[in-house]
Structures are given as C-alpha cells and as structure tokens.
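**Student:** In our numbering, the protein residues as written are 8 to 370.
For the record, the hints were derived by calculation from the structure and aren't laboratory data. Take these hints with a grain of salt, some might be off.
Stated by the list, open to error - DMTMM-like, lysine to aspartate or glutamate: derived pairs with alpha carbons at most 20 Å apart:
hint, residue 1, residue 2
1, Lys22, Glu260
2, Lys169, Asp153
3, Lys203, Asp254
4, Lys164, Glu143
5, Lys88, Asp60
6, Lys201, Asp330
7, Lys313, Asp289
8, Lys180, Glu190
9, Lys203, Glu333
10, Lys326, Glu177
11, Lys164, Glu177
12, Lys175, Asp200
13, Lys313, Asp323
14, Lys313, Asp330
15, Lys152, Glu190
16, Lys203, Glu307
17, Lys226, Asp323
18, Lys22, Asp289
19, Lys169, Glu307
20, Lys188, Asp289
21, Lys341, Asp310
22, Lys109, Glu177
23, Lys193, Glu333
24, Lys188, Glu243
25, Lys193, Asp289
26, Lys188, Asp351
27, Lys201, Asp254
28, Lys109, Asp89
29, Lys365, Glu143
30, Lys180, Asp351
31, Lys45, Asp60
32, Lys180, Asp335
33, Lys313, Asp364
34, Lys341, Asp364
35, Lys180, Glu165
36, Lys164, Asp174
37, Lys341, Asp289
38, Lys193, Asp254
Predicted model, so just to flag it, every value in this text is computed and none were measured.
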Amino acid sequence: MIKNLVIVQQYLSWKGHYRQYFENLHNSKYYCVYASNKKEDYGNSKWIRSDFDAEKQLTIKTKIKGRFWDSFNVFKYLSGKDFGIIHFIEFEPLTYLLFANKLNARLLITIHSSDQLHFSNWLHNRFSGYQRRLLEMALRKAVSKDATIVTHYECHKESILKIIGDDKRERVKVINYPAPKPESNKVKVFSGDKRKYLIYGQVRDDKGIYEFLQNDSTKNLIITIAGKIVDRRILEFASRNNLTIIDKFLSEEEISELVANHDFMLLPYPLAYTNGAGTFKDSLSKAMPVVCSNIAIFREIIDVYKVGVIFENPDDIEKIVADISENDYLTFSKNCLTYATEFDWEYMRNAYFSVYDKLQSVR
C-alpha cells in the first residue's frame with residue numbers, strides 16, 4: 008500500500024456515478040478516504056461518517072448543505088497530515104479554499120463540469136453563479152500550489168485553461184469519461200418503419216428537454232422520455248400521442264428493453280449545457296446510435312468516432328434521420344461498440360494509474 012497517495016471520495020452515498028467512479032480506482036496499492044452513511048468493506052481506507060441521506064427528497068438547499076459538510080469533514084481529516092499526493096475525485100471549492108493552506112500534499116483534482124450550470128429557476132441560477140465564482144478562485148489557488156487537473160473532454164480542458172491560464176496547459180489532463188463495457192458484440196438494426204427516439208436518465212431543467220418539446224416539429228417524432236422527472240414542466244406534454252413519459256428510476260432490465268425497442272438515443276441538450284452525459288456513453292455500450300444537439304461534448308466524439316448525427320435545430324431531425332440508410336445505421340452501431348470497448352472503465356482506471364505514476368516520479 009502507498010499511503011503516500013490518497014484517493015478521496017466525499018460523496019459515496021450520493022446517487023450517481025460517485026460509488027462506481029471511486030470503486031473503479033480503489034486498489035490495495037493506494038490508500039483511500041471516503042465519506043458515506045455507513046462503513047464499507049474497503050481495505051486500506053479511512054471512513055468519514057456522513058449524515059446526508061440521499062434517499063430523502065432533495066432540494067438545492069439540502070444538496071448544498073450535504074455537499075459542504077461531507078467535504079468539510081473530509082478536508083478536516085486530511086489537514087496537517089503528511090500525504091504526498093491527494094486525488095479528489097470530486098472537488099468542492101468552498102471547503103478547499105477554507106483548508107488550502109492546511110493541506111501538506113500535492114493535489115490531483117478531477118473536474119467533471121467546467122462551466123456554470125444554467126437552470127430555469129432564478130434562485131438556482133444565483134447559487135450556480137456563486138458556485139462558479141468559487142470554482143474559479145479555488146482552481147487558481149490549487150494550480151498556484153502545483154495541482155494537476157483531470158477532466159473528461161477537450162472542450163472542458165479549454166474552458167479550465169481560460170480560468171487558470173493557457174500557460175498551465177500541461178497541468179490539465181484529459182481522460183475520457185468511460186462507457187460501460189458492452190455486454191455483447193451484437194449490433195442494432197432499425198426497429199421498424201417509423202424511427203423511435205429514447206431520452207432516458209434524470210430529466211433536469213438544465214438539459215433543455217422542456218424547451219426542445221416546445222418546438223412544434225417534435226410532435227412528428229416518436230419519443231419516449233424515461234427516468235425520474237425533476238423538471239415537472241415536462242408533464243405539460245403528457246397528452247401528446249407521439250410522446251411516452253415514464254417517470255421513475257429505471258432498472259437495467261427496463262433500460263435494456265427500452266433500447267431494444269427504440270432506434271436512437273436522443274440528446275437535445277441546449278448550448279448552455281455544461282455537464283457530461285453519462286447516458287450518451289451508456290448508449291454507445293448498447294450499440295445504439297445517437298442523435299445529438301450541436302454542443303461540444305457530443306461533437307468531439309461524433310466527429311471523430313462516427314457514432315451518430317448532430318442536429319442544429321429540432322426541425323432538422325426528421326430530414327437528417329430520413330437520410331440514414333440501413334447500412335449507415337449498421338456502421339454507426341458498430342462504431343458505438345468500438346468506442347465503448349476502447350474507452351471502458353478499465354481504460355479510465357489505467358489512465359489514472361498512469362497519471363499517479365508520473366506524479367509520484369517527479370516528487
């Protein structure tokens with residue numbers, strides 16, 4: 008075990024990628040620190056108790072409180088200890104700024120989203136803007152203390168460099184966000200004569216799905232929206248004959264059945280969208296081509312790996328998809344599997360371990 012290198016996950020109990028991301032990097036070779044509701048069976052680790060209950064109804068207030076206090080307690084534990092390198096899988100800027108001068112270690116920071124999140128709710132936007140300003144301050148502070156940053160998209164790297172300075176380019180590494188390893192090499196074929204589109208995952212207002220459905224051209228598309236509906240405005244369209252809404256958390260079996268009965272993953276996110284897109288990568292692992300809005304995180308993959316198509320406006324979708332032949336679709340599906348095989352969770356694990364080795368070699 009190298010206790011000199013510490014892998015940190017403050018939000019193990021939260022819903023999302025937090026646990027899988029952490030467990031993918033957990034290794035007997037390295038020490039780890041995690042905060043969760045209960046002690047887990049991890050070797051070479053330190054458990055920090057969390058009082059945040061991810062099963063309860065969450066508001067932006069409870070999320071901020073939970074995020075701050077779990078991170079605060081982790082930073083408090085790490086302060087003053089002689090670790091060589093600390094990898095924060097999640098980065099909470101306010102607590103970092105409070106403890107920055109008490110950390111006796113070089114930092115490796117993963118940034119999953121580099122720009123401000125935008126919401127339809129005014130208050131949520133105010134909090135998001137405040138969080139963005141804190142992030143900028145924290146990143147500049149961390150880099151001044153020799154921190155290295157990992158992000159998942161080239162466009163996010165460029166956004167981070169606008170904060171810390173282009174002369175720090177070598178400090179920012181890109182490790183592609185992984186796709187699940189494909190369960191089989193079976194490609195998809197068109198499900199029927201009429202193309203069917205699937206939107207799944209948590210339906211938040213920053214994903215712009217409500218605004219997308221306001222466009223009249225979407226009435227001509229057969230769309231299923233499946234996942235927990237956080238943006239309740241979506242339900243205004245529930246009476247549309249072309250639209251099916253499944254408001255629930257989905258099991259893997261339910262997702263697989265939906266994928267089998269649809270032709271394209273539809274990702275109509277707005278230009279202001281700044282997060283990653285896990286469902287995009289999930290779709291690739293299921294050999295399901297994508298139809299995406301023209302935002303950078305989609306474009307940089309579709310342009311290179313040819314796993315689907317980009318649309319500029321909702322009005323364009325019908326024509327673009329009509330021009331896709333069965334052979335085109337088959338090629339897209341094969342390319343999806345190729346991408347998912349190359350950039351799976353094992354790839355990400357090895358890429359991080361390579362970064363760990365380089366950081367330790369220059370200490």
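**Student:** So, for every hint listed, does it hold in this structure?
**Tutor:** Structure-based check of each hint:
1. Lys22 / Glu260: 19 Å, holds
2. Lys169 / Asp153: Distance of about 17 Å is within 20 Å: holds.
3. Lys203 / Asp254: Holds, at roughly 18 Å.
4. Lys164 / Glu143: 14 Å, holds
5. Lys88 / Asp60: Violated. Lys88 to Asp60 sits at ~29 Å, over the 20 Å cutoff.
6. Lys201 / Asp330: 13 Å, holds
7. Lys313 / Asp289: Roughly 16 Å between the alpha carbons, so the hint for Lys313 and Asp289 holds.
8. Lys180 / Glu190: 29 Å, violated
9. Lys203 / Glu333: 15 Å, holds
10. Lys326 / Glu177: 43 Å, violated
11. Lys164 / Glu177: OK: Lys164 and Glu177 at ~11 Å, within 20 Å.
12. Lys175 / Asp200: 52 Å, violated
13. Lys313 / Asp323: Holds, because 18 Å separates the two Cα atoms, which is no more than 20 Å.
14. Lys313 / Asp330: 15 Å, holds
15. Lys152 / Glu190: 43 Å, violated
16. Lys203 / Glu307: Given pair Lys203, Glu307 is violated - Cα atoms ~25 Å apart, limit 20 Å.
17. Lys226 / Asp323: 13 Å, holds
18. Lys22 / Asp289: 17 Å, holds
19. Lys169 / Glu307: It holds: about 19 Å lies between the C-alpha atoms, which stays within 20 Å.
20. Lys188 / Asp289: Holds, at roughly 9 Å.
21. Lys341 / Asp310: 15 Å, holds
22. Lys109 / Glu177: Violated. Lys109 to Glu177 sits at ~25 Å, over the 20 Å cutoff.
23. Lys193 / Glu333: 15 Å, holds
24. Lys188 / Glu243: 37 Å, violated
25. Lys193 / Asp289: With a Cα-Cα distance of about 15 Å, the restraint between Lys193 and Asp289 holds, given a limit of 20 Å.
26. Lys188 / Asp351: Since the Cα atoms of Lys188 and Asp351 sit roughly 5 Å apart, the hinted pair holds (cutoff 20 Å).
27. Lys201 / Asp254: The given pair, whose Cα atoms are some 24 Å apart, is violated under the 20 Å limit.
28. Lys109 / Asp89: 10 Å, holds
29. Lys365 / Glu143: 26 Å, violated
30. Lys180 / Asp351: 17 Å, holds
31. Lys45 / Asp60: Holds. Lys45 to Asp60 sits at ~11 Å (cutoff 20 Å).
32. Lys180 / Asp335: Outside the cut-off at roughly 34 Å; violated.
33. Lys313 / Asp364: Violated, at roughly 33 Å.
34. Lys341 / Asp364: 34 Å, violated
35. Lys180 / Glu165: 11 Å, holds
36. Lys164 / Asp174: Cα-Cα ~13 Å, so holds.
37. Lys341 / Asp289: Holds. Lys341 to Asp289 sits at ~14 Å (cutoff 20 Å).
38. Lys193 / Asp254: 29 Å, violated
The structure shown violates the earlier hints numbered 5, 8, 10, 12, 15, 16, 22, 24, 27, 29, 32, 33, 34, 38.
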